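Engineer: Each chain, letter by letter, is given below.
Number of protein chains: 2
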Amino acid sequence: MKDHLISLPTDLVYRVFNLGATSLVGSEYQGQKDVMAATWVCPADYDKMSAVIDSTHFSRKLIEQSGKFALMLPGKGIVKEALTLGSVSKNDNPDKLEQSGAKFFYMDNCPIPFVEGCAAYALFDVIPEPHNEKTYDLFIGKCTAVWADKRILDERGHWNFDESTDHLRTLHYVSGGHFFAIGESMDISLD
Amino acid sequence: MKDHLISLPTDLVYRVFNLGATSLVGSEYQGQKDVMAATWVCPADYDKMSAVIDSTHFSRKLIEQSGKFALMLPGKGIVKEALTLGSVSKNDNPDKLEQSGAKFFYMDNCPIPFVEGCAAYALFDVIPEPHNEKTYDLFIGKCTAVWADKRILDERGHWNFDESTDHLRTLHYVSGGHFFAIGESMDISLD
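Chains as they are written, first to last, in our numbering: chain A, -11 to 179; chain B, -11 to 179.
Treat the hints loosely; a few may be bogus.
Claimed, not checked - Pairs of lysine-lysine residues, derived as DSSO-like cross-links and limited to a Cα-Cα distance of at most 30 Å, are as follows:
1) A:K49 to B:K130
2) B:K56 to A:K130
3) A:K56 to B:K122
Claimed, not checked - Chain A stretches covered by chain B per the calculated footprint, using a threshold of three residues with CB under 8 Å from any CB of chain B:
4) 0 to 13
5) 165 to 175
Claimed, not checked - Quick partial rundown of chain B residues pointing at chain A, CB under 10 Å, derived from the structure:
6) N6
7) L7
8) T10
9) V40
10) T72
11) S75
12) V76
13) V162
14) G164
15) E172
16) I176
17) S177
Since the hints were made in silico from the structure, they are not lab data. Keep in mind that this is a model prediction, so the values were computed, not measured. All C-beta atoms in this analysis are idealised placements derived from N, C-alpha and C, irrespective of residue type, glycine included.
Please work from the sequences and hints to get the whole structure.
Structural biologist: Below is the structure:
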């Protein structure tokens, strides 16, 4: 899995998330781990992301306690696993991760589980903003590392899908199990 | 144009923007009008949206002074107009709107220009958050009205594209004129 990943500069993290795809949010604190899905995730700067993490989620405490979270872009090949990770709460099922059907791997020196089959992965340090967190469940993170699958994303943060990488197309969630995958590429010139 | 629009409940505005598409941001103050593009736009609640509006943009002052903004989802049929509205600043060209190639229309009792060829339109009142606006250029708006093109979005906020509405597929911007349109629809069940 890691063989396909290249590291990008942290100030290109916005390019990875500009497509507006649904993300998986990973977290860990003192051995407790969770991965949930979040659609309300958005660049806040070239090297920062915002994410709405509801106060009821198991992940919320892990993120608050560790001050860290990961964002991943699940590809359409793992849409069912992504929906499961977004539908089942670890509050209700402590074995959520093991039973999700998702496969996990770890990057060096990072205890947060990464899900196989994502287009990209990024790590963030929470920038403490208590008012936003309390009022809007809104967390802002500064990127500390970002990796992308080099088969679809190059060092400049440019995307390119073909038949062999169709399973990595980003997912865009509406509700009730209803998704779209990202589609046709267009390069527009204004001359 | 208006014939195709249906009004949705404001607490379904998140469904309209869940796809994570690039938006057009409309604004008006005392007769001055602007429309810019923004990719860093995201639901913040069922009836709220966040939008990053850089302090250098002409639109920024109009939004700050009026306390209102509109978000629109340009379809792929107006990708060139959307890129133009996002590339040219009214600071540099006062005739930006007239020369953009975009066509405009107005909803009753609203002075903000709406761009023809969008999948959906929504109006917001700014919730004043001076720290976010100053530190992150981040504005949070509460939805006061939302309309969608009924050929592709139904009253429940469910999307459906076909050949006849292909030009309304949402746009997802990367950078440098490089876009994707939203693609294949998938309905996933977890039995």
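Engineer: Evaluate each hint against the coordinates.
Structural biologist: Here is how each hint holds up against the structure:
Our distance criterion of 30 Å between C-alpha atoms is met by K49 of chain A and K130 of chain B, whose separation comes to about 27 Å. Taken as a hint, the K56 of chain B and K130 of chain A pair is honoured in the structure, with Cα atoms around 29 Å apart against an allowance of 30 Å. Between K56 of chain A and K122 of chain B the alpha-carbon distance is near 24 Å, which keeps this suggested pair within the 30 Å criterion. Requiring three or more residues with a Cβ within less than 8 Å of a Cβ of chain B, the coverage given for the segment 0 to 13 of chain A holds, as 7 such residues are present.
Look at the segment 165 to 175 of chain A against chain B: 11 of its residues bring a Cβ nearer than 8 Å to a Cβ of that chain, three or more, so the hint holds. With its C-beta approaching chain A no nearer than about 5 Å, N6 of chain B sits inside the 10 Å limit, and its interface hint holds. With its C-beta approaching chain A no nearer than about 4 Å, L7 of chain B sits inside the 10 Å limit, and its interface hint holds. For T10 of chain B, the suggested interface contact is upheld, since its CB lies about 7 Å from the closest CB of chain A, less than 10 Å.
The beta carbon of V40 of chain B comes within 6 Å of a beta carbon in chain A, closer than 10 Å, and the hint placing it at the interface holds. Interface restraint check for T72 of chain B: the shortest CB-CB distance to chain A comes to about 6 Å, inside 10 Å, so the restraint holds. At about 6 Å, the closest approach between the beta carbon of S75 of chain B and any beta carbon in chain A falls short of 10 Å, and the interface hint on this residue holds. Given hint, V76 of chain B at the interface with chain A, holds; its Cβ is 9 Å from that chain's nearest Cβ, closer than 10 Å.
Restraint check, V162 of chain B versus chain A: the minimum CB separation of about 5 Å is within 10 Å; hint holds. A distance limit of 10 Å between C-beta atoms decides the matter here; for G164 of chain B the minimum to chain A is near 8 Å, and the interface restraint holds. For the restraint placing E172 of chain B at the interface with chain A, the shortest Cβ-Cβ distance is roughly 5 Å, inside the 10 Å limit, so the hint holds. Against a cut-off of 10 Å between C-beta atoms, the interface hint on I176 of chain B holds, since the closest Cβ of chain A lies about 5 Å away.
Below 10 Å, beta-carbon pairs count as interface contacts, and S177 of chain B has one with chain A at about 6 Å; its hint therefore holds.
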